[in-house]
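Protein chains: 4
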Amino acid sequence: MRILFIGDVVGQSGCNAITAHLPEMIADWRIDLVVVNGENAAGGFGITEAIYHELIAAGADAVTLGNHSWDKKEALTFIERAPRLVRPLNYIPGAPGRGSALVEAKNGQRALVINALGRLFMMDPVNDPFGLLDEEISACPLRKDADAIVVDFHCEASSEKLVAGYFCDGRVSLVAGTHTHTPTADHRILPGGTAYITDAGMTGDYESVIGIKKEEMLRRLTTGIPSGRFEAADGTATICGIAVETDDRTGLALRVSPVRMGGILEQIIPQFWTGT
Amino acid sequence: MRILFIGDVVGQSGCNAITAHLPEMIADWRIDLVVVNGENAAGGFGITEAIYHELIAAGADAVTLGNHSWDKKEALTFIERAPRLVRPLNYIPGAPGRGSALVEAKNGQRALVINALGRLFMMDPVNDPFGLLDEEISACPLRKDADAIVVDFHCEASSEKLVAGYFCDGRVSLVAGTHTHTPTADHRILPGGTAYITDAGMTGDYESVIGIKKEEMLRRLTTGIPSGRFEAADGTATICGIAVETDDRTGLALRVSPVRMGGILEQIIPQFWTGT
Amino acid sequence: MRILFIGDVVGQSGCNAITAHLPEMIADWRIDLVVVNGENAAGGFGITEAIYHELIAAGADAVTLGNHSWDKKEALTFIERAPRLVRPLNYIPGAPGRGSALVEAKNGQRALVINALGRLFMMDPVNDPFGLLDEEISACPLRKDADAIVVDFHCEASSEKLVAGYFCDGRVSLVAGTHTHTPTADHRILPGGTAYITDAGMTGDYESVIGIKKEEMLRRLTTGIPSGRFEAADGTATICGIAVETDDRTGLALRVSPVRMGGILEQIIPQFWTGT
Amino acid sequence: MRILFIGDVVGQSGCNAITAHLPEMIADWRIDLVVVNGENAAGGFGITEAIYHELIAAGADAVTLGNHSWDKKEALTFIERAPRLVRPLNYIPGAPGRGSALVEAKNGQRALVINALGRLFMMDPVNDPFGLLDEEISACPLRKDADAIVVDFHCEASSEKLVAGYFCDGRVSLVAGTHTHTPTADHRILPGGTAYITDAGMTGDYESVIGIKKEEMLRRLTTGIPSGRFEAADGTATICGIAVETDDRTGLALRVSPVRMGGILEQIIPQFWTGT
Ligand SMILES: [Fe+2]
Ligand SMILES: [Fe+2]
Ligand SMILES: [Fe+2]
Ligand SMILES: [Fe+2]
Ligand SMILES: [Fe+2]
Ligand SMILES: [Fe+2]
Ligand SMILES: [Fe+2]
Ligand SMILES: [Fe+2]
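Chains as they are written, first to last, in the working numbering: chain B, 79 to 354; chain L, 79 to 354; chain E, 79 to 354; chain U, 79 to 354.
Honestly, the hints are just simulated from the structure, not real lab data.
No incorrect hints appear here.
Because identical chains cannot be distinguished in the list, a pair is counted as satisfied if it fits within a single copy or across any two copies.
Here are the simulated DSS-like pairs of lysine-lysine, each with C-alpha atoms no more than 27 Å apart in a straight line:
1) K292 / K151
2) K184 / K222
3) K292 / K150
Remember, predicted model here, so these are calculated numbers, not experimental data.
Excised from the complex, chain B in its bound form (with noise of 0.2 Å):
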């Protein structure tokens, strides 16, 4: 299976460059599955339910979230009818929506897209993502319930992405992380056969501060003193991703690749699926 890993959608610059390029990278590339994380979609905090369907509609075939799930207050109610919107399993039991939804990938197979929220720095208090990511690739296990599966665990420290990989390695076709914006060059695939990176990096402008307007995080961080809005910054984005090719045998992965098109960082795409 051909999985592509879109890290946070910033503002509006970061859907702007999804709707108009993922439709023809899907197509170009014949990808079977899109996972893309919208938690600053709308305006760098949240998603609506306007751009969950917008983000499906150019390809997705889930959108997970994580620390600003719930920014916008609508996602507390449209994710009970956004099937493959999907929130961080981790929080307290009875939070609306799923924290993994078994979807159809455009090839007809099944994937199972899971989100977790991380807990080193992070200042949500959220409960421990490991367990209950054990319990859910033990209730759906790869080949046998699922084609692939997707774990996009949200989080601020390196190492404990890094454990979430080696957790799942084996068990899981792919563990992306988000949630810095910045995209890491660690991707690999792990002993296991579970592809890997510590950040998909966001995809939004790349002249910011994370996606921000760097004008007032420069002034908040150097002075100390609140002066006005954190805005998304509007300049073309960079699509931030990591690509993924799974043997569909152990729907573990045989490559793994960096995808960064567009804007100011330096631009990559997969080899293998544009070699000839």
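Knowing the structure of chain B, use the given hints to seat chains L, E and U with the ligands on it.
Then chains L, E and U with the ligands, alone, in the frame of chain B:
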């Protein structure tokens, strides 16, 4: 000037890689200035005098530190006789050592090397790094008193590192983030001419959790129960860093490239130095 | 029922005070139930089996823990043969020991003792305490299955402790906060009948920084440089806690008073037990 | 000199209590100096110019702030024309206002009032408070240039407040902690003669969660889902603070007593001022 900045060297594995490969990298690429972050060089935690000299002997012109500066107690004293060892400049005044050093590069030019600690999610309370960075840069301006200025900004949050980058943009040659032990793929030249990367990555064994053997890290985070010590992983290291070529007339960056050599990460070397 | 809850016993100084005075307090005041927080009893960090038995021998009917539960490794094993030792109930499932214990009080009545860790500003990530508190209290309700219920809510933030108080109000006899090692003066009976105090205070030498010798604490915080170990202060302890008299028909609080005996703090004992 | 320090005044409830009772407390107890923490006076978040004048009119000789200093944007400007309004001294240099003020007490004596923010568990990164405290106290020493010195040390951790107390011991009249909105019962005179309390407590409605209506606080912490705004509770306030009588020859403390008047907390007033 040709500058090579190498991220957090972790344990014996990292030191071995530096000793084995740095001399020929310097020779092959005709590097003028090497800055190495050494805060984890001694078994993962701190630095010793012997290791400092080992790094200098291998070709480092300056060694920077971070939140682990004083993990080995001897650093509190030997730093006074280690003129090329630079600890964070925003420690409480009176701390041993120095927060910046003007060193002579291999080509005889003057390079100012500065180390600063960020504050978001960092456990050690330190003073405002930005005002002090401004003071240092103003006291020894690029071109006038320094032919290159390298800032090692050591912290957790990508946002704070980006703020450091933009804050210094146009006034220093390079702002290289450290501390997360994970290389980022957002290297670029900022609008004002300063080379930037959110994290240079660690120089250590990546088959680990940020350079530490993964078994205990996994147990600790997935059970909540400490059951052993953290030890540096001992597989082959990937040397991770960033290469910058500056314009001698301005001291600003002309070219920037990540460096990742050895170990399990995808390899990359600066094409602009190897192209003939 | 007459309940005495004693806050974090710190080091030898705290243990000595308990051994020397608790038996006569129990006798003089005809106390039915004594709960002691012992997370710092072993030299300031954790608890040993010997000290656990010492506290029980002095009259404790249950010993609670906190973020320092496992500082002494032996606690991970001896807790299984220490039925009156209660660790936080919101550890990751599988942790040794128990998060609550139904103990027989000195008058033969049944008392449920629960320990929970809060999450704000606490370094150890733990699961949501409130849902688990609700489960425990529902499974062993006041009056029906327990004649008294005592909750030791261990955390940093006063806000979270107050939330715990109101959350349990009317369903437990006492919510006593611990962890800050500083007695608060906001003891009261909440509207639903539950006795409450934000922090019971430590039982240790107050001529110190939260029970630790003040010299190293001062150096560490004012210079930022570690220069020695943290050791428990060894002056005379103040026994700090809270006394509650419950209504036998309801299990709820009729009277509440702080207890502060010995050492340098202003002294106070429950007038309602000494009035004759 | 007779000094009354009043902890965080929260919202209309707190302001009403000050307006209604402070004038007669000053008269009855012949108080010479009143310092009031006003960081939450405006609806729980920050301070306005009108409220500042209300507190001064009621008898405050100085008003201190904390982490909520700039919650009301107008504070950034009106502080410049509010000579008795004191914000934390360890903000990044260039912040509006002042970190200390030498005010004339009601008896004509000179009192230095200092405000400082601690750093442990505080979200706003600020500079080292201890070095700056030392500078302030050295520049205006007790007896020589000030007849009394009052330090409002505003932070979360009891350990850091105790360090502030011992750090200033013998050089100031009073170190009063603020911020937790919970009065502590560890008031005392430190060995060097400085009066100390870990937290003076809030002046607000205690039938709440730290002065905020408890319903939303409970929902937020027990479900993890924001569902409304935080609003100041509006029941009758308890005026909480600490009373100190200093020796005019030394400026140090002779007597210290908590003050808790009105509302639901156990009441206490300084016996040494009411003993006739
Ligand atoms: Fe995000
Ligand atoms: Fe996030
Ligand atoms: Fe490091
Ligand atoms: Fe570090
Ligand atoms: Fe404790
Ligand atoms: Fe504790
Ligand atoms: Fe406050
Ligand atoms: Fe505050």
